[in-house]
Structures are given as C-alpha cells and as structure tokens.
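Residue strings, one per chain:
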Amino acid sequence: MPRIEFNQDLCKGCGLCLSACPQRLIQLRKNRLNDKGFHPAYVEQADRCAGCGVCATICPDLVIKVWR
Amino acid sequence: MKAVFKRTDGLLNVPMHYCPGCTHGILHRLIAEAMCELDILHRTIGVSSVGCTYNNYEYFACDMVQAAHGRAPAVATGVKRVHPSKSVFTYQGDGDLAAIGTAEIIHAAARGEKISVFFANNAIYGMTSGQMAPTTLIGQVTATSPFGRDPDTQGHPINVSEMIATLPGAVYVERVSLHDYRHIVQAQKAIRKAFQVQEAGLGFSLVEVLSTCPTNWGMDPKSSMDWVAEAMIRQYPLGLFRDPKLEERK
Ligand SMILES: Cc1ncc(C[n+]2csc(CCOP(=O)(O)OP(=O)(O)O)c2C)c(N)n1
Ligand code: SF4
Ligand SMILES: [Mg+2]
Numbered sequence: 326m327p328r329i330e331f332n333q334d335l336c337k338g339c340g341l342c343l344s345a346c347p348q349r350l351i352q353l354r355k356n357r358l359n360d361k362g363f364h365p366a367y368v369e370q371a372d373r374c375a376g377c378g379v380c381a382t383i384c385p386d387l388v389i390k391v392w393r
Numbered sequence: 005m006k007a008v009f010k011r012t013d014g015l016l017n018v019p020m021h022y023c024p025g026c027t028h029g030i031l032h033r034l035i036a037e038a039m040c041e042l043d044i045l046h047r048t049i050g051v052s053s054v055g056c057t058y059n060n061y062e063y064f065a066c067d068m069v070q071a072a073h074g075r076a077p078a079v080a081t082g083v084k085r086v087h088p089s090k091s092v093f094t095y096q097g098d099g100d101l102a103a104i105g106t107a108e109i110i111h112a113a114a115r116g117e118k119i120s121v122f123f124a125n126n127a128i129y130g131m132t133s134g135q136m137a138p139t140t141l142i143g144q145v146t147a148t149s150p151f152g153r154d155p156d157t158q159g160h161p162i163n164v165s166e167m168i169a170t171l172p173g174a175v176y177v178e179r180v181s182l183h184d185y186r187h188i189v190q191a192q193k194a195i196r197k198a199f200q201v202q203e204a205g206l207g208f209s210l211v212e213v214l215s216t217c218p219t220n221w222g223m224d225p226k227s228s229m230d231w232v233a234e235a236m237i238r239q240y241p242l243g244l245f246r247d248p249k250l251e252e253r254k
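Protein sequences appear in the order of chains A and B.
The opening position of the first sequence corresponds to residue 326 in our numbering, with each subsequent residue numbered one higher.
The opening position of the second sequence corresponds to residue 5 in our numbering, with each subsequent residue numbered one higher.
Hint data in this document are derived by calculation from the structure and do not stem from the laboratory.
Just so you know, not all the hints are guaranteed correct.
Result set (BS3-like, lysine-lysine): computed pairs, CA atoms no more than 30 Å apart in a straight line [unchecked claim]:
1. 10(B) - 355(A)
2. 361(A) - 10(B)
3. 10(B) - 390(A)
4. 226(B) - 390(A)
5. 226(B) - 355(A)
Treat the numbers as computed from the prediction; the structure is a model and nothing was measured.
Bound-form chain A, shown alone (with noise of 0.2 Å):
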C-alpha cells in the first residue's frame, strides 16, 4: 500500500497541495502550530492515498515524501 510522509516542522501552510491531491485527501491541521507557526499539511485518511505524488511535485518546501 502507498504510504506518504509529511515533516510537518517544515510546512508553511501554503495549501497548495490541498487542492492538487486529485483525492482531496490533504488539510491543514487546524488545532496545531508547527515551529515556524503554521499550520501544517496532513492526510486524514492515508489508507485512500494512491501514492501519486502530485502533492510532493507541487509542494515549495519539500515536505512529503511519498512510498509506493
């Protein structure tokens, strides 16, 4: 099964990938700051992730790794 990682200390919370996950599957997590004082990228539900890998492509700050 695809698996993707997120370093969620260095995510800016730009939300590009949110929208260019085919699946919709990326938010931000609300309830949380990161270091920097974001609020960072995450999957709810990686179990429906297919490992494309769009998101990685987009991402500015090479936050997420993605396994396939």
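Let chain A serve as the given structure and place chain B with the ligands on it in line with the hints.
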C-alpha cells in the same frame, strides 16, 4: 515499496526562507533534481543573483558564487571560461535579469556563452516589497503602479525569451510555467535540457519560468497559481523559441 518522491541530494538539508506558496522553492528543487539526474552535481557551479533568492548558495548542494545585481551572466561567463569542464548556471529574477541586468543577459547570449540561465519571472520585484518590474503586466497593480501599469507612462512588458531568441548565440530558449503539476513536469524537462545543451557544448541556454509572488501580488498561493494560468500566460506564451534540433534542420 520504493520511494517515488523524496528529498533530492541536490539541495542541502536546510529549510528555505521563501514565503508560503512561493514557487522559488519548486524551481530550486527542479534545478537540484536535474543536476542529480544528469550526475553533474559535483561539477556544477551556480551563480546566485540579487532578489529573494540572493542567498540560494545556502540551499544548492553544488558550488555557488554570488553576483552583484544583474551581473550573474557576466560572472558565469568568467567561471565557465576558467572552468570549461564545469556546468555553470545562473538563477535570476525578472528584476535582476530584465532591469538592472539587461546588458549582461543580452551580451552573454549574443556571445553564445556556454552557460544555462534559469530565469524566474514573477512580474514583480519580490524582495524589495513589490515594485513594478519591466515584466509587470499592463494593468497590474504594484507598489509603484498603484493604479495598474499604464503603458503610456510606464512602458510595455518585456518578453525576454522572444527577445533573446533573436540572437544566434542563444541555441536553446524555452518558456515554461510552474502553476500546476503538468506544467511543473514540463518545466523539469526544460531545465534538464538546458544543462544537456550546455554539456554538449552547443551554446547559450535560457529557460524562463513563470513564477509567483503571492506576498507582493496580495493573493493566496492557489489564486497566484491561477493568475499565472489566466493572466501571465496571455502576455508570456509558453513554448520553445530556440531549439538546437530545429537549428540543425535549417
Ligand atoms: C545595485 C542594486 N540596486 C538595487 C538593489 C535593490 N534590489 C534588491 S532585489 C531587487 C529586485 C529583485 O527582483 P527580482 O529579480 O524580480 O527577484 P524576486 O525577488 O522577485 O525573486 C532590487 C531592485 C540592489 N540590491 N542592488
Ligand atoms: S516576496 Fe515574493 S518572490 Fe520573495 S519569497 Fe516572498 S513570495 Fe517569493
Ligand atoms: Mg521578480
């Protein structure tokens, strides 16, 4: 299971300082990945310019030099002529390349210097907080064109790729964009090709990369990407302006 996407070795393992959603980070990654894929990282020398990316020598894992504002193509010329076996690139913004550095870019291309220029066009001076650039669109509101750029008093945008493509020394010139997945993949190919053209000793290469500046455009990152797709591409059409393959056929 194998990693289909992981951090490239072409970038040092440090966070970048760019604003949230700024496409400079994407362009850094594409250049870094191209150096790794072509296995030239260990013998590439990059030249940083002046703009938000002035200190990207802190990020790229290759050797880097920092040039004064606009002078990166002149510095790269020197580096390449002294080290002809190295791959040499510049990373320049539109304020850097198309305003203060107009002379340097034109003459480096005219001389056919065997360097690769990566030109991040975000239609504004990002670093100095959003003044009008030569590349600012007609009607675009900036700090120094608060009523929108008026061509009668503020002139017309400069289409750098088309202009550089008129010079015989420029053998590969392409304009790409970073506004969505498909275009990022195309941009990645163009960047790789620029290095390949240089490695083959063919001449000067320039890739103009339509980029965003959400902070100074006053837009969120996603709307900025949409504005590239809707407004910027109308002024700056994507495509190949000089292709070494086409030259051969002439
Ligand atoms: C000789 C000189 N003149 C002016 C400046 C001020 N300055 C710094 S960055 C910049 C423009 C940068 O714009 P651009 O190249 O488009 O880069 P961006 O920040 O948009 O990526 C200017 C005018 C300077 N640093 N040095
Ligand atoms: S000011 Fe603009 S170009 Fe500079 S880092 Fe911020 S968004 Fe990017
Ligand atoms: Mg700029």
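Numbered hints the structure breaks, given as an ascending list: none
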